[in-house]
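Novice: When you get a sec, could you build the whole thing from the sequences and use the hints?
As a plain string of letters, each chain reads:
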Amino acid sequence: MACFERASPALREILLKIHTAERPLEIEHHVHEFGSVHYHVQSSASNQPYTYLSVSTPLLSQGLPMSSDLPQQTLEMVKGICPDVVEIVEPAKEGYRLTLKLNFARIPHSKVSTKMIRDISSVQAVILSSELKEILRNVDSQEVSRGLYKPIKLIYHPREPFFVIKQPAKITAVFPMRFKETEDVIIATAFFQELMDVGSSGACTKAPHCIWSAIPPPELRGEPIQDLSTNCGFVSFDITSRHVEGKKLDKTVWNLLNFYAFVKYHVKSTRGFIQRRMRMCLDRLVQPLQTAEIEEDQPVKKKAKGCRRLRKWISSSKLKILKRKYDFTNKIKRIRSRIKIHGFSRFRRRWLKMPKFSPVTRYIKLD
Amino acid sequence: MANPLRLYLTCIRNTLEAAMCLQNFPCQEVERHNKPEVELKTSPELLLNPVTICRNEAEKCLIETSINSLRISLKVKQADELENILTKKFLRFLSMRAEAFQVLRRKPVQGYDISFLITNYHCEEMQKQKLIDFIVQFMEDIDKEISELKLSVNTRGRLVATEFLKQFV
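If you're matching them up, the sequences are chains R and W in order.
Number 106 in numbering that gives the first Met the number 0 belongs to position 107 of the first sequence; there are no gaps in the numbering.
Number 62 in numbering that gives the first Met the number 0 belongs to position 63 of the second sequence; there are no gaps in the numbering.
If you're looking for bench data, these hints aren't it; they were derived computationally from the structure.
There could be a bad hint or two in this list.
[Stated by the list, open to error] Quick list of the computed label-pair ranges, beta carbon to beta carbon:
hint, chain 1, residue 1, chain 2, residue 2, range
1, R, 292, W, 28, 28 to 36 Å
2, R, 264, W, 99, 26 to 34 Å
3, W, 150, R, 216, 29 to 37 Å
4, W, 10, R, 205, 54 to 62 Å
5, W, 96, R, 267, 22 to 30 Å
None of these values were measured; they are calculated from a predicted model.
Here a beta-carbon is modelled for each residue, glycine too, at the ideal position from N, C-alpha and C.
Specialist: Laid out in structure tokens, this is it:
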């Protein structure tokens, strides 16, 4: 199934690792993507600098078995990825549609290497889009049966086929839309209506003309009923020669292949957006009820006053208390009494000693 | 606020002020039990006549009163399918978090979108006028929030559609 990014992230990482390795690596990786795409990367130290990349992917056209060979135009497009680096091996490895021999020695060690490896990693996108490109390239072709424009059914996911209908001066791509949940259907329907409005507005006059209808278009009459039974209608794009000239062909093909994924992503992110908005407004709705509660009188906290001198002693820090004690003790010692009283030192130790206080700042009277 | 909406909310406010005269009343059938009589509806002498206030066919408010409890059920306007799913999602979201609202019922009464249950205990803990203000404010906020949600969804769709079509140009 096509995805927004053409290059496979896992494959790109493996190829970058092989390219940037200081010593030859023995690597064998199997990478599975989207349930039906399978890559096999094999690199051995004895066979440097070659690496073998095998790809197995379903094709767009209906009816082609997995074991069939790739069409010639697809092979030509694959050869055009990086002609110096990529060489097609025939026959392909057993169980795969295509095997490529990659010569990493021809990839320079500069910024260009990242681009080349990214292009090689997008081989599956090239295979997938080659057939549609061939169809759209001949948009102005007059080779159409007399009055009969037979739809071509393209499948890149078993449950999501779409149709391409060749008409004079344009090609129409029709997407039957289906969703599992009713909410998704309604969100998608709102999106398709906006798509029609924007397409017919002045901002996007050069874009393909877009139509959404709840019933199948007349061009699809005669197609199997299971392909035409939908719950979200049909979206049609009219592709003209303007949309396929030069580099626009690649973009147009990729946008059409990714239309299903695009719509599903939009529906999913809209649902997330709705959920976030609801969470944000929850606090605002509860706020008036919190102010409705009757407030009880708070208990008055009384501070005990006590003796002023005692408060002064209590509020002093430990250092001050020690200093005061030292000064007082020294003062007492300096007092020289002419009459020596027997036992005065014991009296002095007992009754003239400084009491120890903990530095408590204040206390609260308990009820 | 538009005039019809103001009249509708004023009518609801006045009805609530008259109906919210609740007192503690133990259950007559089970000893040492105290249940909201408006939910049980076993003793007709404890129930008052329910009042339905309709703004139009799509919007209405049902006020059921009993001696110790009051139930308010609201039906919110839903103009199209998108408003329908937004209302359903939003009110279900709030109902699942009913403990935050205290007076909100987890499941709405059949035929309505959201329900409140106010008991005499709520009237003892909270001020009656502020409770009524909360209900009326809630109705306004819900309408406003759903309209804003719908607008946001359509605006997002338009922006996404513009970006998608620009890729072809």
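Novice: Can the suggested window of 29 to 37 Å be confirmed for the beta-carbon pair residue 150 of chain W and residue 216 of chain R?
Specialist: holds, 31 Å
Novice: Could you see if the CB distance from residue 292 of chain R to residue 28 of chain W stays within 28 to 36 Å?
Specialist: Cβ of residue 292 of chain R to Cβ of residue 28 of chain W: about 32 Å, so the range 28 to 36 Å holds.
Novice: How does the Cβ-Cβ distance of residue 10 of chain W and residue 205 of chain R compare with 54 to 62 Å: does it lie in that range?
Specialist: Roughly 55 Å apart at Cβ, these two residues keep to the hinted range, so it holds.
Novice: Return holds or violated for the Cβ distance of residue 264 of chain R and residue 99 of chain W against the range 26 to 34 Å.
Specialist: holds, 32 Å
Novice: Please test the hint of 22 to 30 Å on the beta carbon pair from residue 96 of chain W and residue 267 of chain R.
Specialist: Distance hint for residue 96 of chain W, residue 267 of chain R holds at roughly 23 Å.
Hint violations for this structure: none, all hints satisfied.
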